[in-house]
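Colleague: Model the full assembly from the supplied sequences, consistent with the hints where possible.
2 protein chains.
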Amino acid sequence: MATLSTKRLFAERGVNMTITVQHVLDKLMEPVNKLPNTVDTLKFGDPNMEVKGIAVTFMATQQVIEQAINLGVNFLITHEGLFYSHMDQTVVEESKVYLEKRRIIEESGIAIYRFHDYIHRYQPDGIMVGLIEALGWKTYVEKNQPTSTIVKIPSMSVREIAEYVKRKLGIEFVRTVGNLEGTCTRIGLLAGYRGGGALSILLFEKEELDLVISGEGPEWETPEFVRDAAYQGKRKALMVLGHAESEAPGMKYLAEWIKTIFPGIPVHFIPEKPIFQVV
Amino acid sequence: MATLSTKRLFAERGVNMTITVQHVLDKLMEPVNKLPNTVDTLKFGDPNMEVKGIAVTFMATQQVIEQAINLGVNFLITHEGLFYSHMDQTVVEESKVYLEKRRIIEESGIAIYRFHDYIHRYQPDGIMVGLIEALGWKTYVEKNQPTSTIVKIPSMSVREIAEYVKRKLGIEFVRTVGNLEGTCTRIGLLAGYRGGGALSILLFEKEELDLVISGEGPEWETPEFVRDAAYQGKRKALMVLGHAESEAPGMKYLAEWIKTIFPGIPVHFIPEKPIFQVV
Numbered sequence: 001m002a003t004l005s006t007k008r009l010f011a012e013r014g015v016n017m018t019i020t021v022q023h024v025l026d027k028l029m030e031p032v033n034k035l036p037n038t039v040d041t042l043k044f045g046d047p048n049m050e051v052k053g054i055a056v057t058f059m060a061t062q063q064v065i066e067q068a069i070n071l072g073v074n075f076l077i078t079h080e081g082l083f084y085s086h087m088d089q090t091v092v093e094e095s096k097v098y099l100e101k102r103r104i105i106e107e108s109g110i111a112i113y114r115f116h117d118y119i120h121r122y123q124p125d126g127i128m129v130g131l132i133e134a135l136g137w138k139t140y141v142e143k144n145q146p147t148s149t150i151v152k153i154p155s156m157s158v159r160e161i162a163e164y165v166k167r168k169l170g171i172e173f174v175r176t177v178g179n180l181e182g183t184c185t186r187i188g189l190l191a192g193y194r195g196g197g198a199l200s201i202l203l204f205e206k207e208e209l210d211l212v213i214s215g216e217g218p219e220w221e222t223p224e225f226v227r228d229a230a231y232q233g234k235r236k237a238l239m240v241l242g243h244a245e246s247e248a249p250g251m252k253y254l255a256e257w258i259k260t261i262f263p264g265i266p267v268h269f270i271p272e273k274p275i276f277q278v279v
Numbered sequence: 001m002a003t004l005s006t007k008r009l010f011a012e013r014g015v016n017m018t019i020t021v022q023h024v025l026d027k028l029m030e031p032v033n034k035l036p037n038t039v040d041t042l043k044f045g046d047p048n049m050e051v052k053g054i055a056v057t058f059m060a061t062q063q064v065i066e067q068a069i070n071l072g073v074n075f076l077i078t079h080e081g082l083f084y085s086h087m088d089q090t091v092v093e094e095s096k097v098y099l100e101k102r103r104i105i106e107e108s109g110i111a112i113y114r115f116h117d118y119i120h121r122y123q124p125d126g127i128m129v130g131l132i133e134a135l136g137w138k139t140y141v142e143k144n145q146p147t148s149t150i151v152k153i154p155s156m157s158v159r160e161i162a163e164y165v166k167r168k169l170g171i172e173f174v175r176t177v178g179n180l181e182g183t184c185t186r187i188g189l190l191a192g193y194r195g196g197g198a199l200s201i202l203l204f205e206k207e208e209l210d211l212v213i214s215g216e217g218p219e220w221e222t223p224e225f226v227r228d229a230a231y232q233g234k235r236k237a238l239m240v241l242g243h244a245e246s247e248a249p250g251m252k253y254l255a256e257w258i259k260t261i262f263p264g265i266p267v268h269f270i271p272e273k274p275i276f277q278v279v
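Protein chains in written order, with the working numbering: chain L, 1 to 279; chain V, 1 to 279.
Honestly, I wouldn't trust all of these hints.
Claimed, not checked - DSS-like cross-link-like pairs, simulated, lysine-lysine; straight-line CA separation at most 27 Å:
#, chain 1, residue 1, chain 2, residue 2
1, L, K206, V, K96
2, L, K166, V, K166
3, L, K273, V, K234
4, V, K52, V, K27
5, V, K43, V, K273
Unchecked claim - What follows is a set of in silico ranges between Cβ atoms, one per label pair, in the way DEER data are often shown:
#, chain 1, residue 1, chain 2, residue 2, range
6, V, K206, L, K166, 36 to 42 Å
7, V, Q63, L, K273, 35 to 41 Å
8, L, E93, V, M49, 50 to 56 Å
9, L, A198, V, Q63, 49 to 55 Å
10, V, K206, L, V279, 51 to 57 Å
11, L, V279, V, T185, 26 to 32 Å
12, V, R167, L, M49, 25 to 31 Å
13, V, T185, L, P36, 47 to 53 Å
Think of the hints as simulated: they come from the structure by calculation, not from any bench.
C-beta: ideal position from N, C-alpha, C; glycine also.
Modeller: Structure follows, in structure tokens:
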């Protein structure tokens, strides 16, 4: 993602220059025109602080934050919010869960930046780039769109794709709708909470897709559309990965990119366990 | 739910009186003050049509509609919308999936009514009454609130509750967050799409709950709150049933109630298969 000139610029400055939190933020936001309203703000810490090490994660759970602190990094980049709300609206200010998490963060002095809107506006979407990379489907990309990517793969059944996706992403299960034995070549990929009808049903019809693979979405929209379509004998299926499962690869990819931009700074990707257990 | 007097009124009129679709709608809406904006409208059919038989379902999939037609009923009551959108906004008007489903309905002449907002406003929420009944937890109800019910059960582990709930609701799996061996007594129940943080996190804190059992909600809100809480050693867990799994029992219960109000009319509850397969 970095151009050669920016890489050279930093190389010329040398690894011993002081990199501040603001330097990192500037690099991360550079590919996108400034967004007037965004959740991508520095939630904790001082933009002028020198960065000693960077941790990148999909979701800054308390365990992830503690791991970052134990790794000796002082700057954490998270895709999703710290306090269980996309817009960072705290539901219960006096909650002991919130207060303990906030105390751990403040006592450690770690800086935490939410990097969500900007990376989704990279061209192509940086989160999607990481997902495609993890799936090994880069050569099959037909087109990248702002909220989805269309891939055309050699013909596989839904069941085969499920097994392939699980192996590639290292996940235990996916949830599917439609005929597992149906064959697919045209697939729409939608990372995160883009599984709703307004995006996914539209994509099915506009792009004549056999399969949509998405992160998360309401159950009565796209899943029910696919159920009816499959009942009618149409070749349509849905595979729901889970929100984190669809976006964590993008943040892992980001960590690799950051290493190349700031070669003098240790950069770690911190994964989390799947949010749900199936019982 | 029917008062003795309304039951008597219908009994006095006799089973041979003509019951129209509008008669049924009037009875269903009777317990609630008229709602100015509601999705609860007659989607197909004539309100003056004589009702020969009634089918009740959670989700009027095409298969359910065909089953209703095959059962010889001419009036179907569904909780969720026909065309994959809560507000009945059709995403793609020219979709062959929509058009085929619409054709089946129109050719059959079946009347279809969406019964969602009114039943949720029954006191207590009619959908919740059916869920509590199916779970056998009626005697444990501590209080009913507009969007949730609090039950206090004899102490059980999350794992034991999961097995109990699966058996009682006849479902294959639930998804959980938190320690499966943690014990629970105070449980908050939220049917349908009430699993989000604004309702569920608030309820956890306000009611000092050990467990929330909900239908569906975004993954980054309540699930992540519970993950952090459990990591902090707090006794909190989450059990996600699925949207249909949490609300279908309420529609089944409704079918039983309608039988008592209109004893001369055949009434069927039509279940659907779970929307997702876990692969």
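Colleague: Is it true that the CA of K43 (chain V) sits at most 27 Å from the CA of K273 (chain V)?
Modeller: The hint holds at about 24 Å.
Colleague: Has the hinted range 47 to 53 Å been met by the Cβ atoms of T185 (chain V) and P36 (chain L)?
Modeller: Holds, since T185 (chain V) and P36 (chain L) (Cβ atoms, about 49 Å apart) stay within the stated range.
Colleague: State, for the Cβ atoms of Q63 (chain V) and K273 (chain L), whether the hinted interval 35 to 41 Å holds or is violated.
Modeller: Once the Cβ atoms are compared, 37 Å apart, the range 35 to 41 Å for K273 (chain L) and Q63 (chain V) holds.
Colleague: So the hint says 49 to 55 Å: do the beta-carbon atoms of A198 (chain L) and Q63 (chain V) match that?
Modeller: violated (25 Å)
Colleague: Against the 27 Å threshold, does the CA-CA distance of K166 (chain L) and K166 (chain V) hold or violate the hint?
Modeller: Since the Cα atoms of K166 (chain L) and K166 (chain V) sit roughly 26 Å apart, the hinted pair holds (cutoff 27 Å).
Colleague: Under the criterion that the straight-line Cα-Cα distance not exceed 27 Å, is the pair K52 (chain V), K27 (chain V) satisfied?
Modeller: Given pair K52 (chain V), K27 (chain V) holds - Cα atoms ~17 Å apart, limit 27 Å.
Colleague: CB of K206 (chain V) to CB of K166 (chain L), is that within 36 to 42 Å?
Modeller: holds (39 Å)
Colleague: Taking 27 Å as the top limit, are the C-alpha atoms of K273 (chain L) and K234 (chain V) close enough?
Modeller: Measuring from Cα to Cα gives roughly 19 Å; hence the hint holds.
Colleague: Indicate whether the distance between the beta carbons of V279 (chain L) and T185 (chain V) respects the range 26 to 32 Å.
Modeller: Violated, since V279 (chain L) and T185 (chain V) (Cβ atoms, about 19 Å apart) do not stay within the stated range.
Colleague: Holds or violated: 50 to 56 Å for the Cβ distance of E93 (chain L) and M49 (chain V)?
Modeller: holds (54 Å)
Colleague: Given the range 51 to 57 Å, decide if the beta-carbon distance of K206 (chain V) to V279 (chain L) lies inside it.
Modeller: violated (27 Å)
Colleague: Mind checking the alpha carbons of K206 (chain L) and K96 (chain V) for me, to see if they're no more than 27 Å apart?
Modeller: Holds, at about 12 Å.
The structure does not agree with the numbered hints 9, 10, 11, 12 stated previously, though it agrees with the rest.
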